[in-house]
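Asks: Below, each chain spelled out in residue letters.
2 protein chains.
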Amino acid sequence: MQTSVKIVIIGAGSAQFSAGIVRDLCVNKGLYGSRVVLMDIDERRLDFIEKLAIRMAQELKADLTFSKTTDRQQALKGADFVINTVQVKAHELEGHQWVELQRRLSEKHGYYRGARLHDYGQMAFHLEVARDVERICPEAWLIESANPVFEACTLMTRETKAKVIGLCHGHYVYREIAKVLGLDLKYVTAEMPGFNHWIWMTDFRYKGKDAYPLINEWIQTNAEEYWARDVKKFSDTQMSRAAIDQYKLYGLMPIGDTPRMVGWLYHSDLVAKKRWYGNLGGFDSEIGWQMYLDELNRKLSEIEQVALDESKLVSHTFKPEQSDEQIVPIINSLVNDVQGLYQVNIPNAGHILKGFPEDLVVECKAIINGSGVRGVGIPPLPERLITGAMIPRWHLAELKVNAMREQKYEYLLLYLLEDHRTKNLEQAESLLEEWLSDSHNDILAKMFKK
Amino acid sequence: MQTSVKIVIIGAGSAQFSAGIVRDLCVNKGLYGSRVVLMDIDERRLDFIEKLAIRMAQELKADLTFSKTTDRQQALKGADFVINTVQVKAHELEGHQWVELQRRLSEKHGYYRGARLHDYGQMAFHLEVARDVERICPEAWLIESANPVFEACTLMTRETKAKVIGLCHGHYVYREIAKVLGLDLKYVTAEMPGFNHWIWMTDFRYKGKDAYPLINEWIQTNAEEYWARDVKKFSDTQMSRAAIDQYKLYGLMPIGDTPRMVGWLYHSDLVAKKRWYGNLGGFDSEIGWQMYLDELNRKLSEIEQVALDESKLVSHTFKPEQSDEQIVPIINSLVNDVQGLYQVNIPNAGHILKGFPEDLVVECKAIINGSGVRGVGIPPLPERLITGAMIPRWHLAELKVNAMREQKYEYLLLYLLEDHRTKNLEQAESLLEEWLSDSHNDILAKMFKK
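These protein sequence lines are chains F and H, in that order. Here the first sequence is numbered in the working numbering, starting from 1 and rising by one per residue. Here the second sequence is numbered in the working numbering, starting from 1 and rising by one per residue.
Check the hints yourself; a few may be wrong.
Stated by the list, open to error - Listed next, the in silico DSS-like pairs over lysine-lysine satisfying Cα-Cα at most 27 Å (straight line): (1) H:299 / F:248; (2) F:108 / F:423; (3) H:61 / F:423; (4) H:61 / H:248.
Claimed, not checked - Over the 10 Å line for every Cβ pair with chain F, so calculated as not near, a few chain H residues: (5) 43; (6) 48; (7) 55; (8) 108; (9) 132; (10) 213; (11) 250; (12) 272; (13) 290; (14) 321; (15) 370; (16) 387; (17) 406; (18) 418; (19) 423; (20) 424.
Since the hints were derived computationally from the structure, they do not count as laboratory data. Cβ atoms here follow ideal geometry from the backbone N, Cα and C, with glycine treated the same way.
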């Protein structure tokens, strides 16, 4: 079976991401005949991504056509699927540079490693894309892969009729637990619902039996030694002292990006970060984050090199097998009615997660097939987790989402007043004043003028 | 019409409170024939309260009988109404002394003016009473007048089948706004729903017209002068700089105890308190609170003197007219089917306040008559208020209520980690360790042993 659809990748210059999607498309015969439009405003990157895509399809004899454009609205015409992975830029600053600028502004005012103000620029852009989708290709599925997935998807689904699916890789990191415990992954099952980057392992089995006791045993016997080791990978936080502390506090293991995100007390300074996440201070320390940026850049160069070096096979670097990335299988499920079970971020319609609004986006399992996306109900979470972790996280999301919807300065202030590092009103207001008057933030200044 | 009921006042030694109830009963002929049981463990106070009650009834020719007891369970037998106003004591410490002990413990660990840990002891005791009511007099109405009304009523209604009505005077303080604005109170109407001590003026009219513009005008023209005045009354916070700042942040005026409670930034030290609440630093500063305690003691002595001095009429001090206190009118409405509209704290059944659980106690208007208590729906609150103020307050309530339900140490820790003054885990843990090992807190130590 072959069904021809139009797939648009917004921000296709994210080379590693796009190359992965292209490779997954090439190995999914069900989508052969489809047209893929690569859209970005960075022409240089767009050029080599297009080259890479065309060469990969040729090598793998994949019946796909690729085109590129810098015109988003043009790209969206007739789209069936829109994949958005943009880290938005501001004037001359690239996405990650803009993040760093905003982080530096925050640090000047006493917010070590920033106050996540860059989420506002992301939300503004992603809402704009959702509005374009709603207007230009209202039947398209909008697959959101950029952060903040939780807030951006909630905002987009509240403000537009776009059919949004938020995706993330974080849930796969339960495998790291299995690895550290020495379990054979093929006998491990796990469930980890919640909010994006705030998911909790509600079920964990090894050969069908509850495997939480194995974690408890590891904590008693092996954890201290593990925490004392020399951490090599910046992303290695799943079994950190912070993650285990959260497990003790809330009663369930945090998964993936969750142990990075939860708990101001683990992040107050580099000393705290090292204590809780090991010698690199975790993903989000000045050490870990720099390693992440360096790796991004290294991979980008590598991909550019591969794309432009016609003496080598592209498919040698990008092995022709389906990756972990759910995007292409989901498109295939929807287009060809191939039923699959996925981990997605969708509105809480029908109270998939009890106790939270139906128009809040939750991360859950979903059955996807030709009839669409149907969330699978989440068993009641423990009260301690709801009360201790879910409600406060929901609260921050509502502050951010409503800030964008109502465009009121007071929301920004309320958000910063929730931050443990805010000592008084002046501190929060002086950060906001400098942030809103920085020329790179002109779009936000217009929204939030006092 | 006269219907004889049995009314039990638990903590009747709260002399000012009991005297007010007795006076209101004396002037409500509909309840003549009723028996009033004064219960307290403080025999000296109980003695003079009983004397006062009997004398008042004689002077006003009220057909009521009074008795006293120190045995709570005995008192509850056959009760139709149970009024609980207890500030619970611990061993040799009186209620307010226990509060001060816990405050001092908190202050030693960096929590200026305490961390409201005394709420846990209150909740434990009030739940015990509700359990007694459920067992001994399951048909009785339990009228809860002691703090924390929000958390205690939520806890009691979740854990027992007792029919609880929480009451507070705070909502009347909208009158202070009228007074400061120079409005004739008889043309003023107002609505102020929310959670107890966290209520917001959703509607404010003068002669039928929206009177919020008059507040806005006052802020522009008179506020600074008003804030610069010499504050005489510790309770005078309704039009404080803090209250107006909250109005700006959330979009509605906070009422009564609300401007005292909201916003850590107004309370960081005495300098902040004076800046936001004027020269006394508000109700809860070391200055304001001492004035409150002094006034309590002064009134207690005064009442004792009146009660014991048989040369004077009791009814001279307690004017024989119905007070603002809603307790006796509510009893009359229930007993004699006299329909009335009251401001009560009841479970959010049927989502009186949208967006919050049905088993959370909310403060709202209610129609009360022979058929019972029916809450009046609250119009949707502004998003900024829900997001900025209601969700975080709900969060703290859930932490406290669930702490009592599950009796897990982790809840205490999570509660303190939400406190802006907590700098690190050690600070919170060392406070909890000292608090739980203080011999006055032995009941709580049993509940929350690690």
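Asks: All the hints need checking, so say for each whether the structure fits it.
Replies: Comparing the hints with the structure gives:
1. Taking the CA atoms of residue 299 of chain H and residue 248 of chain F, the gap is about 49 Å. The hint is violated against a cut of 27 Å.
2. A distance of roughly 14 Å separates the Cα atoms of residue 108 of chain F and residue 423 of chain F; the hinted pair therefore holds under the 27 Å criterion.
3. As the CA atoms of residue 61 of chain H and residue 423 of chain F are separated by approximately 60 Å, the hinted pair breaks the 27 Å bound.
4. Between residue 61 of chain H and residue 248 of chain H the CA atoms are separated by roughly 52 Å; this puts the pair beyond 27 Å, and the hint is violated.
5. Every beta carbon of chain F lies more than 10 Å from that of residue 43 of chain H, the smallest distance being close to 41 Å; the non-interface claim holds.
6. At the 10 Å boundary, the C-beta of residue 48 of chain H stays outside the reach of chain F, the nearest C-beta of that chain being 44 Å off.
7. For residue 55 of chain H, the non-interface assignment is confirmed: its Cβ lies about 50 Å from the closest Cβ of chain F, beyond the 10 Å cut-off.
8. Taking the minimum C-beta to C-beta distance to chain F, about 20 Å, the non-interface status of residue 108 of chain H holds against the 10 Å cut.
9. Against chain F, the non-interface label of residue 132 of chain H holds: every CB pair exceeds 10 Å, the least being about 25 Å.
10. No beta-carbon of chain F is positioned within 10 Å of the beta-carbon of residue 213 of chain H; the least distance is around 19 Å.
11. Its beta-carbon lying about 8 Å from the closest one in chain F, residue 250 of chain H breaks the requirement of being farther than 10 Å from that chain.
12. The claim that residue 272 of chain H is not at the interface with chain F is violated, since a C-beta of that chain comes within 10 Å of its own (minimum 7 Å).
13. Distance check for residue 290 of chain H against chain F: the nearest CB is about 25 Å away, which clears 10 Å, and the non-interface claim stands.
14. Under the 10 Å C-beta cut-off, the non-interface status given to residue 321 of chain H relative to chain F holds; the minimum distance is some 44 Å.
15. Remark: the non-interface label on residue 370 of chain H is consistent with the geometry, its nearest Cβ contact in chain F lying 35 Å away (cut-off 10 Å).
16. Look at residue 387 of chain H: its CB is around 4 Å from the nearest CB on chain F, not clear of 10 Å, so calling it non-interface is violated.
17. Interface exclusion of residue 406 of chain H from chain F breaks down, the closest Cβ pair being 7 Å apart, not more than 10 Å.
18. Residue placement check: residue 418 of chain H does not keep its beta carbon more than 10 Å from all beta carbons of chain F (closest about 7 Å).
19. With a least CB separation of 8 Å from chain F, residue 423 of chain H falls inside the 10 Å interface cut-off, contrary to its annotation.
20. Distance check for residue 424 of chain H against chain F: the nearest CB is about 6 Å away, which does not clear 10 Å, and the non-interface claim fails.
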